[in-house]
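Visitor: One-letter residues, chain by chain:
Number of protein chains: 2
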Amino acid sequence: MIGVFDSGLGGLTALCELVKLLPGEDFVYFGDTGRVPYGSKSADTVIRYSTEIMRFLSGFGIDAALVACGTASSAALPTLRREFPIPVFGVIDAAAAAAAAATVTRRVGVIGTATTVRLGAFERGIKSLDPGISVTSVACPLFVHLVEDGFTDPDDPVTLAAAERYLSPLRGTGIDTLILGCTHYPIISSAIAKTLPGVRLISSSKAAAEKLAESYGTGTAHGARGTIRCFVSDTPEGFESAGQIFMGDIPLGHAEFVDISKY
Amino acid sequence: MIGVFDSGLGGLTALCELVKLLPGEDFVYFGDTGRVPYGSKSADTVIRYSTEIMRFLSGFGIDAALVACGTASSAALPTLRREFPIPVFGVIDAAAAAAAAATVTRRVGVIGTATTVRLGAFERGIKSLDPGISVTSVACPLFVHLVEDGFTDPDDPVTLAAAERYLSPLRGTGIDTLILGCTHYPIISSAIAKTLPGVRLISSSKAAAEKLAESYGTGTAHGARGTIRCFVSDTPEGFESAGQIFMGDIPLGHAEFVDISKY
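Protein chains in written order, with my numbering: chain Y, 1 to 263; chain R, 1 to 263.
Nothing false has been slipped in among the hints.
As the list makes no split between identical chains, a pair holds if one copy fits it or if it spans any two.
Lysine to any residue pairs mimicking SDA-like chemistry, simulated, CA-CA at most 25 Å apart:
| # | residue 1 | residue 2 |
| --- | --- | --- |
| 1 | Lys-127 | Glu-210 |
| 2 | Lys-262 | Gly-59 |
| 3 | Lys-194 | Asp-149 |
| 4 | Lys-262 | Ile-47 |
| 5 | Lys-211 | Arg-107 |
| 6 | Lys-194 | Asp-156 |
| 7 | Lys-262 | Asp-44 |
| 8 | Lys-262 | Thr-51 |
Think of the hints as simulated: they come from the structure by calculation, not from any bench.
Excised from the complex, chain Y in its bound form (with noise of 0.2 Å):
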């Protein structure tokens, strides 16, 4: 069993990425929706948070977890590896690599909420595998709560006005790759890359799916299609039609809540 948990609903961008990947895996999700987002928080809270998080998870016996959260990941992954027995992935390593591996101008872009962008995990990443690549890093905020708030439309005008606004300094940079480094952002791509025409986006929830599916391997899969249960800390209405979003086809049942402060 894979625990997959981000402070809402973004983090379903991964799990979606994951169920593809390992058909046969039993997962199971939980979304701070109570205290969400985490974005605008500092790193020591998000530490916090996680770490009742992880807690709560590993009393489900899960084997691996996977940290669908660009703040989760940036702020918290080396206190939850020193602190779990089990791999713990983030969606960093894979989408740096990713970055690197792409990147034909040597120029990349991340972008992210403000406390993710402040920490500079992502550009750490980029530069531990090859110095020589310029990295610019701009904070996003408000495009968390575009999609959540519904602004998802590609011709969305508050959508472009709130791109154009954050994207525009990255144009003349020269970066041919940008990376999307929330989990939330793959759902306004369209309006991201007309911002940004002819740059190459990474997601670093499909990324960082890869990554573990791959390390992970398919052994594990038992021929019959996985459960996937899923935990909040809000109360769970809304939560099925609200996740289906990110889910695309593949179906979401209901949540169920944990008072995570408690853990």
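We have chain Y; now place chain R onto it with these hints.
Guide: Chain R alone, transformed into the frame defined by chain Y:
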């Protein structure tokens, strides 16, 4: 001493008004920055969080409390008034009274978070004063994030595009008065006013502060400037500079961290 709380920093707009009206009074402010925002969370979760905060504030021996948050006022006031033996003021009643007194067309608009609009407390407040007033409520979930992420210039194209999206349905309804049902909204009132020219805006923060000051009297003023103590549930770094946006020229000190889920 008066306790004031909000999901985050928006309630400082109400604290600012209170300090002007009761300059000799002592205040304790709690901003739930570790769990902000409330507006997209369920009523049950908002009631649970508000109760924890009132338990914390009660430890200071406060004589009265102001729930300086449209969502928490909409969801939690009956519970808090039942559970705590002090006057608990919210932002609903005073704004409803001000709107009912101001409207000439007897058509009033209300804007707030998704949960505030779903709960309908402002609408019920107006109708209880004058059932003949027609009320149109619109959820504007992105506004709180536009304020928190700094899209506060009166000519900001992102904020104007979002205001147009949310508020254009209100044009043609004949409203002449609009309640800003979230304590963040006064910060972007210029953009709101541009989208709805000629409509009188009622700040729920200001109305609530005036009502509390009137009820509470000035008898407690002891001549000297009162104190302001601030607490937050995220780490307090950055509180002072971020909070000052809401406080105008009233100086705001440091904040202290409190692990609010333990209350």
